[in-house]
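Visitor: From first to last, the protein sequence lines are chains G and C.
If you're matching positions, the first sequence starts at 86 in my numbering and goes up one per residue.
If you're matching positions, the second sequence starts at 23 in my numbering and goes up one per residue.
Each hint should be verified, as a subset may be incorrect.
What the hints assert, rightly or not - Calculated lysine to any residue pairs in the SDA-like style (CA-CA distance at most 25 Å, straight line):
1) C/K145 x G/V336
2) C/K91 x G/H212
3) G/K266 x C/R104
4) C/K54 x G/E214
Calculated directly from the structure, the hints in this document are not laboratory data.
This one's a predicted model, so the numbers in the text were calculated from it and none came from an experiment.
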Amino acid sequence: MALRDAAVVGYAETKIVEKSDRDIWEIGAELLATLLDRTGFEKGEIDGLILSSSMTGASNAFWSQTTADQLGLELDFCQTVDIGGSSPTGALARAAAALDAGLAMTVFCLYADTQVAENNSRQRSFHGEWAAPLGYLGPPAAFGLLSKRYEHQFGLDYSALGKLAVAQRGHALLNDLACEKLRKPITIEDYLNSRMIADPIRLLDSVMVCDGGSGLLVTSRKRAKQKGLSKFVVPIGYGERTNFRIAENIVDVTESGHSAAGKRALEMAGLSARDIASFHPYDDFIIAIMMQLEMLGFCKRGQGCAFVKETDFTHTGNLPLNTSGGQISAGQAGLAGGGTNLVEAVRQLFGEGGKRQISNTKNAVVTGIGGIPYGRNWATSVVMVLTPDA
Amino acid sequence: MSAPLNDTLSVKREAPKPRSYSKPFWDATREKKLIIQYCRKSGKYQFFPRATSLFTGRPDLEWREVSGKGEIFSYTVARRTREPFQGHEPFFIATVTLDVGVNVLGNVVHCELDEMRIGLPVKPFWAPLPNGTNLLMFEPDR
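Given the sequences, and given the hints that come with them, work out the whole structure.
Guide: This is the structure we're talking about:
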């Protein structure tokens with residue numbers, strides 16, 4: 086048994102909206118019904134539930150069991166993953182681990198958040214004491230500090246970052262589930278001229294927080310075959326790193342835990358960066374995409390912008406990127422937003438990308454970023470390699 | 023030529039609520055003294071204050087007063103904020119590398135955009151908080 090004995094047999098996703106008029110459990114119920122319809126599984130066969138973080142559920146210390154109750158699930162394994170935006174991909178890894186340990190047979194990974202409509206979070210962290218008194222708004226300030234430092238060390242070609250923004254926006258135009266407000270074409274000039282939020286972070290660098298959800302149904306490959314399912318997706322490599330270089334006082338913020346997590350995931354998969362067929366990185370700010378290209382070894386550190394300039398990231402290009410628009414152009418479904426790029430990778434490997442289907446579906450790499458720490462880049466980095474039935 | 027950015031000194035900040043292990047830091051700011059945790063076993067400073075050493079996992083820490091002088095490691099200009107900072111933009115938020123080798127976040131005051139740069143020498147500037155403690159800020163050390 087191993088990670089690759091797990092099989093993602095179904096995926097589901099809701100429309101991403103600026104503000105949900107539906108309760109988070111109604112979203113969860115829709116995702117559950119869609120997964121049952123698409124896979125032929127019965128509700129009673131689901132014996133595991135793994136939730137991503139959510140701002141709506143953040144006040145409830147009983148969140149996973151309460152949600153299971155609301156959805157009528159009787160379970161042998163039930164938990165919430167709380168590594169921020171890394172949670173959806175982290176949840177799939179934990180589902181595979183639970184299957185591997187024999188703790189569950191069929192796991193529903195549910196990623197839903199209605200952060201705009203109902204934010205119940207009250208975060209206990211360094212923030213109240215060491216950041217809030219500075220007017221430090223969190224992610225934009227953190228990425229402003231990161232970007233200025235990157236520029237100082239390596240230089241930053243903002244038109245290269247704009248190219249990433251434009252490629253993702255093009256994909257959102259092909260995604261009916263993307264937030265409607267964002268489904269307007271943009272140019273590199275639009276990116277460069279968008280207003281500054283926290284220098285040099287612009288509006289079009291940034292995600293817009295939205296409401297929505299996605300989910301996966303995960304079982305063993307053996308069970309998937311017993312059920313006669315012909316299409317499924319297998320995780321063949323995973324790496325996770327929280328608090329990269331926590332014991333260093335002066336951290337080079339241009340390097341992230343993805344260097345460690347990516348190395349582990351790719352080694353587990355037996356692949357190198359040049360073998361990656363499509364890339365679905367967590368995108369809260371555009372520069373995070375460019376940095377992850379460096380961290381995973383698509384190019385050397387400091388060469389990210391040059392690599393971007395010579396690469397075609399569209400769904401017909403040589404390295405398709407976040408082909409449903411990424412969070413920046415599809416909308417960030419709160420702390421469940423990491424599910425957007427993950428579910429898109431699964432959809433592409435199922436060959437169900439429709440008008441944005443990519444041609445090379447040998448594999449796909451998904452990443453996560455979670456949490457903004459004090460004076461560093463991000464708290465948790467995850468990397469997962471997926472293949473069609475391997 | 024550019025004007026100095028907002029010094030945010032008129033922002034109605036609340037005094038942060040210290041934790042059991044960070045109270046000495048805030049108490050020292052009443053006298054505008056900067057004290058930082060020092061790990062005896064590893065011979066290193068650490069910031070922000072924690073209940074344990076980042077280096078050894080043991081609470082073998084002492085407080086040492088430091089000058090607070092350092093240089094800009096990175097900076098950003100906050101142009102969009104929330105209450106109580108709304109209307110006080112734009113202002114600087116910077117990461118400062120102190121002489122003793124730790125990075126500290128702080129506002130930078132009395133500084134123009136043209137003067138700001140990574141590597142700029144800075145020194146502490148203390149902004150009063152309502153409970154008699156002071157918030158550590160920085161200003162150029164000209």
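Visitor: Confirm or reject each hint.
Guide: Hints versus structure:
1. This hinted pair checks out: C/K145 and G/V336 have alpha carbons roughly 21 Å apart, not beyond 25 Å.
2. Restraint check for C/K91 and G/H212: satisfied, since their Cα atoms lie roughly 23 Å apart, inside the 25 Å limit.
3. Distance hint between G/K266 and C/R104 is fulfilled; the C-alpha atoms sit about 23 Å from each other, no more than 25 Å.
4. Of the pairs offered as hints, the one joining C/K54 and G/E214 holds, with about 17 Å between alpha carbons and a cut-off of 25 Å not exceeded.
Figure legend: structure checked against the earlier numbered hints; every hint is met.
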